[in-house]
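Heads up: the protein sequence lines correspond to chains Z and Y, in order. Taking the working numbering, the leading residue of the first sequence gets 1, the next gets one more, and so forth. Taking the working numbering, the leading residue of the second sequence gets 1, the next gets one more, and so forth.
The hints are simulated quantities; they were obtained by calculation from the structure and are not laboratory data. Errors might be hidden in some of the hints.
Just some of the chain Y residues that point at chain Z, by a computed CB distance under 7 Å [unchecked claim]: (1) E13; (2) K105; (3) L107; (4) R111.
Listing some non-contacts, in silico: residues in chain Z with all C-beta distances to chain Y over 10 Å [stated by the list, open to error]: (5) S206; (6) V387; (7) P390; (8) R456.
Capping the alpha-carbon separation at 25 Å, the derived lysine to aspartate or glutamate pairs in DMTMM-like fashion look like this [what the hints assert, rightly or not]: (9) Y:K105 / Z:E508; (10) Z:K69 / Z:D97; (11) Y:K105 / Z:E369; (12) Z:K484 / Y:D40; (13) Y:K105 / Z:E181; (14) Z:K322 / Y:E162; (15) Z:K484 / Z:D502; (16) Z:K370 / Y:E188; (17) Z:K326 / Y:D123; (18) Z:K306 / Z:D320.
Since the structure is predicted, the reported quantities are computational estimates derived from the model, not experimental observations. Beta carbons are placed, not taken as given, at the ideal position from N, Cα and C, and that holds for glycine.
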Amino acid sequence: MAFASIYVPNFIVQAVVCAEPELRGRAVALLDGTPPLCGVVAMNEFAMRDGIQMSMSESQAAQFCSVEKRRRSRAHEEAAHAALLDMSWSISPRVEDTAPDTIVLDLTGLHSFFGADANIAKELAQRASQLGLNINTGISANIEVAIRLARGFSGITLVPSGKESKSLASLPVSVLSPPVEIMESFERWGVRTCADLAALPAPELSERLGQAGVHLRELASGASKRSLVLAEPKTCFAEEIELDDAVEDLEPLAFLLGRLLDQLCARLQAHALAAAAIHLRFDLGDAFEKDLPVSAKTSTEEIAPKSYERDLRLSAPMRDSKMLLKLLRLQLQADPPQASIRKISIAAEPARRRATQRDFFRPNSIDPEKLELTIARLGNLVGSSNVGAPQVMDTHRSGAFRMSRFSPTNEESQRCRKAGHTTATQVQENQFAGDRTMSGRTMFGGTADRTTVALRIFRPEWLAKIDICEERPVQISFRGLRGKIAAASGPWRSSGDWWREDAWRHEEWDIHIRFHSDASRMNTEDPGKTYDGLYRIYYDHARRNWYVRGRYD
Amino acid sequence: MPVNFATLRSQVERALAGRVAAPFDCPDRNVTENVSTGIDEIDLLTGGFPRGALTEIFGPPCSGRTTLFVSALSKRTAYLEECALIDASDAFDPCHAQAAGVDLKQLLWVRCRNINQALRATDLILQGGGFGFVCLDLSDVSREVARKIPLETWFRFRRAVENTRTILLLIEQESNAKTCASLVLKLEAGLARWSTTSQTPLRNEDGQIRGADFLQQSFARFLAGMDVHAEVLRSRMKPVTKLAFRANRLSAAAINSGSRAQETIFRANALWSCFGKTFEAKQQ
Numbered sequence: 001m002a003f004a005s006i007y008v009p010n011f012i013v014q015a016v017v018c019a020e021p022e023l024r025g026r027a028v029a030l031l032d033g034t035p036p037l038c039g040v041v042a043m044n045e046f047a048m049r050d051g052i053q054m055s056m057s058e059s060q061a062a063q064f065c066s067v068e069k070r071r072r073s074r075a076h077e078e079a080a081h082a083a084l085l086d087m088s089w090s091i092s093p094r095v096e097d098t099a100p101d102t103i104v105l106d107l108t109g110l111h112s113f114f115g116a117d118a119n120i121a122k123e124l125a126q127r128a129s130q131l132g133l134n135i136n137t138g139i140s141a142n143i144e145v146a147i148r149l150a151r152g153f154s155g156i157t158l159v160p161s162g163k164e165s166k167s168l169a170s171l172p173v174s175v176l177s178p179p180v181e182i183m184e185s186f187e188r189w190g191v192r193t194c195a196d197l198a199a200l201p202a203p204e205l206s207e208r209l210g211q212a213g214v215h216l217r218e219l220a221s222g223a224s225k226r227s228l229v230l231a232e233p234k235t236c237f238a239e240e241i242e243l244d245d246a247v248e249d250l251e252p253l254a255f256l257l258g259r260l261l262d263q264l265c266a267r268l269q270a271h272a273l274a275a276a277a278i279h280l281r282f283d284l285g286d287a288f289e290k291d292l293p294v295s296a297k298t299s300t301e302e303i304a305p306k307s308y309e310r311d312l313r314l315s316a317p318m319r320d321s322k323m324l325l326k327l328l329r330l331q332l333q334a335d336p337p338q339a340s341i342r343k344i345s346i347a348a349e350p351a352r353r354r355a356t357q358r359d360f361f362r363p364n365s366i367d368p369e370k371l372e373l374t375i376a377r378l379g380n381l382v383g384s385s386n387v388g389a390p391q392v393m394d395t396h397r398s399g400a401f402r403m404s405r406f407s408p409t410n411e412e413s414q415r416c417r418k419a420g421h422t423t424a425t426q427v428q429e430n431q432f433a434g435d436r437t438m439s440g441r442t443m444f445g446g447t448a449d450r451t452t453v454a455l456r457i458f459r460p461e462w463l464a465k466i467d468i469c470e471e472r473p474v475q476i477s478f479r480g481l482r483g484k485i486a487a488a489s490g491p492w493r494s495s496g497d498w499w500r501e502d503a504w505r506h507e508e509w510d511i512h513i514r515f516h517s518d519a520s521r522m523n524t525e526d527p528g529k530t531y532d533g534l535y536r537i538y539y540d541h542a543r544r545n546w547y548v549r550g551r552y553d
Numbered sequence: 001m002p003v004n005f006a007t008l009r010s011q012v013e014r015a016l017a018g019r020v021a022a023p024f025d026c027p028d029r030n031v032t033e034n035v036s037t038g039i040d041e042i043d044l045l046t047g048g049f050p051r052g053a054l055t056e057i058f059g060p061p062c063s064g065r066t067t068l069f070v071s072a073l074s075k076r077t078a079y080l081e082e083c084a085l086i087d088a089s090d091a092f093d094p095c096h097a098q099a100a101g102v103d104l105k106q107l108l109w110v111r112c113r114n115i116n117q118a119l120r121a122t123d124l125i126l127q128g129g130g131f132g133f134v135c136l137d138l139s140d141v142s143r144e145v146a147r148k149i150p151l152e153t154w155f156r157f158r159r160a161v162e163n164t165r166t167i168l169l170l171i172e173q174e175s176n177a178k179t180c181a182s183l184v185l186k187l188e189a190g191l192a193r194w195s196t197t198s199q200t201p202l203r204n205e206d207g208q209i210r211g212a213d214f215l216q217q218s219f220a221r222f223l224a225g226m227d228v229h230a231e232v233l234r235s236r237m238k239p240v241t242k243l244a245f246r247a248n249r250l251s252a253a254a255i256n257s258g259s260r261a262q263e264t265i266f267r268a269n270a271l272w273s274c275f276g277k278t279f280e281a282k283q284q
């Protein structure tokens, strides 16, 4: 049994650099505290070399122009820690969340995947560097020894079983993280290294420092043993970034979104998951007055929205950060925020990736990622409400439908296929002609193979003027066209929704019109020729008008 | 030593025998996979709609173009193919389409407001790819506007679907795609059929609908359907050499056994005729 401990040296600085990759290789100092007590709490080696010291005040640190000053960010630290945990879970299912900068992994059973312990350590280092973090790795059969090795030595340190005491000997006692008063006692006694501490007699140490001292002695000698405290994986995938300067344009915003999406997708990949939806939230700054619509009815809160929230629902889970960025950009182009952005928060709904098995006898379905992008572009072109799959509503109102999301493959179709039913005999609901049975015959007679005349709908319907003779329409005129009604079928009366304000009562007719007006309005070639047409008209009792609903074609 | 190409060719063919059939024959570009339109008469006339090619259907209003499109759409969605309709005039009726057997879940409907949106939407859908059946419906776009569409647009659309399994269908009032279309079908309205309870035929001996005095008679009547006359103006598919029509289903057809038929008539029925008893008016 072996354990690997990951330690991120100077964690809070690395967390900030991880969020801002352009700071890599530069001197960075972090400030924390409320003014005027704000001071330097952490720095990297470049800043230390330039002369920055701990607890230096903000004004003192400002004199070092070559050093990048940043505020300490708890959000960045949490995000970096979450990414480190996800990375650890991608290697081993048994992980202990020891400290914000320390994680321990159980390497049992991993050798068949990754090979020797050294290979596992290299894999850990490589994956951490992909996240933008430099880590130290210690591997030992003892959890506490592994933790101390990672904290004390840089790079990868492997200790074979039985050599724990010897490996810890040269490390300073500070790696054991003793309490302050015990540390002062060690300094007074001249105990500098773990070897010095391990050499002290246990009974006398217990008399002076109590059980805490004895425990520290066991840690120093590598004799302390404990079990791994497993961490449960959290299913919250979220990233956020606070901006020092508000962003107004789409280009820099897209750059920031891309970075957040890269981190998010990497974490999803570590869990073998994908994003089923992306929740986007912007905390907005003050909007410019000239950019806002002025209306007497809007209140102050409505005029200046403080946040912008949008959801991107995906037809199939995906974790391609570039594709997700394209979709978000299209959405933001269609519906941009009304003010500058001060904070970006992005969260993903995790879901299992789509797994499909292709069929020899069915054509390949559309790539869902390409389809999502195509639909987003079409939405930008014609409006998102004008793109989708039509869905007939369960009502007697003529022509009632709504636009729903286009998701061509569904479980019903696949179940029918698996049950051995041919696709041509799937059971379908037929609002007008009754249910279709397995044999393809309608309940009312006839076969489902008969070609049905199609109706083209005019949206909105055309106002018409009808001449009535003995309760039957005989002449019609609409849109500059006039014609004689050669044959008519009706009236077919229908009504509904009487309990609502938009109750309807119609009398429908199918008519055969013989036009005798200017045929150029009919877009015909021969102006002298009369043209017939089959139309559907109706009388609306609510509006007391005749309308042309559509044309049979 | 001079090379005998005939000997070399026969050696290569012998070496590849059983693995590659006719390695030196160029593939026949006119051989395409055709799919059923859902109307037997049209299938017999044209061989079906070709995949990887542009098919153009044109005709005046009320000539059966949308009927043919909905029939083909019903067939494609029944086989779970993803279909797209770019509707330049927002005239599609999903209720009737569902009643005609179209699986609306398989249909992506793009409702455009003008022809520019329709053409750009078609570009986006063809570039995205993956659809088995794409229809650009310009039925209600005026002839003047449709004539202004540059020919390169049709070339671009045809090129986009070449070597794919996509059927691209164009519906217009007059033919504009010219040589870009592999199949051009002209439709004309035939006879409208009315079912009535009266024993008196609706039409007189000359085939004209009876006058106002007849219309004043009280009887129940409903639109039973209409006949559509279809004619092939251009086809790049292989000619159909053997045709068989059932004469009692057609009022008129050009049938020449052993030669290629150019036109046909198919019958479209109104939804009402699917239920209830019908008294068919005697036609000519």
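Against the structure shown, which of the earlier numbered hints fail to hold, in ascending order?
Result: hints 1, 6, 7, 8, 9, 10, 12, 13, 14, 15, 16, 18 break, sorted rising.
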